[in-house]
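Peer 1: Dock chain C against the given chain Y, drawing on the hints supplied.
Spelled out from the first residue to the last, the chains are:
Number of protein chains: 2
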Amino acid sequence: MHGGPELRHHFEERLRAVGASRYHDKHPFHRAMHEGVLTREQIRGWVANRYYYQKNIPVKDAAILSHLPDREKRRRWITRIIDQDGSAEHEGGIESWLGLARAVGLSEAQVLAEVEVHPGTRFAVDAYVTLARTQPWVVAVASSLTELFAPDLMAHRIEVLATKYPWIDEHGLAYFRRRLTLAPRDAAYALSWVLEEATTLDLQDACVRALEFKCDVLWAVLDATMAAYGAGPTRQGRIG
Amino acid sequence: MHGGPELRHHFEERLRAVGASRYHDKHPFHRAMHEGVLTREQIRGWVANRYYYQKNIPVKDAAILSHLPDREKRRRWITRIIDQDGSAEHEGGIESWLGLARAVGLSEAQVLAEVEVHPGTRFAVDAYVTLARTQPWVVAVASSLTELFAPDLMAHRIEVLATKYPWIDEHGLAYFRRRLTLAPRDAAYALSWVLEEATTLDLQDACVRALEFKCDVLWAVLDATMAAYGAGPTRQGRIG
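Those protein sequence lines, which keep their order, are chains Y and C. If you're matching positions, the first sequence starts at 81 in the working numbering and goes up one per residue. If you're matching positions, the second sequence starts at 81 in the working numbering and goes up one per residue.
Next up, chain Y with everything else stripped away, as it sits in the complex:
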């Protein structure tokens, strides 16, 4: 019943509405970043905390891979892991993120040692990996659909970082440029799998909740970052 074209369309609208209401572009730290008011220390804190998220992407994707039901789906999904981990020939997303870390003046060793990763970041990202390990694959795939909302943000972010934070070496922005093409490709097949597979209202509800949960993960990383470093010269993000 819920697989009918109308209910499928309604399901897709529910998923897209999650981005409109709670994607992390609306977080005060993120808004401050795009206004160009973040200090170097705040940008560095964000990059160092977000590294923990980047590092766990292939872990999360391998957990999902191990639940996918057929090799056609695995052949698609495995490219996410290769994109992020890289190969002998191609730099992966994690290396690109370390390039950003160097470009904002962080030492790679310090980033890898995770000394600036705050507990709130760790708890949120670990919860995301746990979801991928324990939930049905369609629910876990639905949680990845924040990629539907990412490309617009990435395009804007590249411009903002290049113009409002000219002290960041532009080569460091390679990560975001990669995502401009990878995110739409990945979001397209992930969305089609979710729409095809989640044909009961219960499963559709679980998918919507998983996508909300993922938005909460990204939001919590920014909460932890803002609590530690503030969000602008007056540290207005630091409440209490």
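Be aware that a few hints might be false.
Since the list gives no way to pick out one identical chain from another, each pair is judged satisfied if it fits inside one copy or across any two copies.
[Claimed, not checked] Straight line, CA to CA, 20 Å or less: simulated EDC-like cross-link-like pairs of lysine to aspartate or glutamate:
id	residue 1	residue 2
1	K106	D303
2	K106	D249
3	K153	E250
4	K153	E175
5	K244	E121
6	K244	D303
7	K106	D232
8	K106	E171
Hint data in this document are derived by calculation from the structure and do not stem from the laboratory.
Peer 2: Positioned in the frame of chain Y, the structure of chain C alone reads:
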């Protein structure tokens, strides 16, 4: 302490001894296969049951992948999944196994539907996947070290199948030819990881047990196969 060269050497000997004592080449069904006495029905039953093992290899490897601690290790390990699932350009191990299924006269649809997969096969293989999902990565990697014992067996098996079962289309043996090169490569780095990482006696014990467990999985698949189809014209494998 246990990481010292002598104890490391002793650990490697313990691992290799597992193969000598309980690798499945010593199973009566396997011995009958290599004596050339299996009927077509028995060969078909073996191929159909073993398909369930083949199918779960990438699932098991993705579970291990999701526990590996760094991207260098993941870049190595991920090739196992690509080798088995294949890609748009290259046939994978599962497809090669389906080629063997056709070569012995099975219908691919029947193999895929798993109608001939017996519960004993399913329980054993599922237990292997569960080990990969739940155990520390070094223990799960140790369980894969049956590959240390495989190449000799593969070389012999190709010869046996080609000469003693001439009714099998020789193209169907591509799977075993692949394994001749892939298994030693995969076993070599897996062994080096295990020797490097398992530096306490407790962890070494757990690794040895995991390898014994894996031998038991392969053995149980042959038990289930022999119980269902016998092992030779007199069905001497069927006891009671």
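Peer 1: Against the structure, test the hints numbered earlier, and report the numbers of the ones violated in rising order.
Peer 2: Numbers 2, 3, 6, 8, in rising order.
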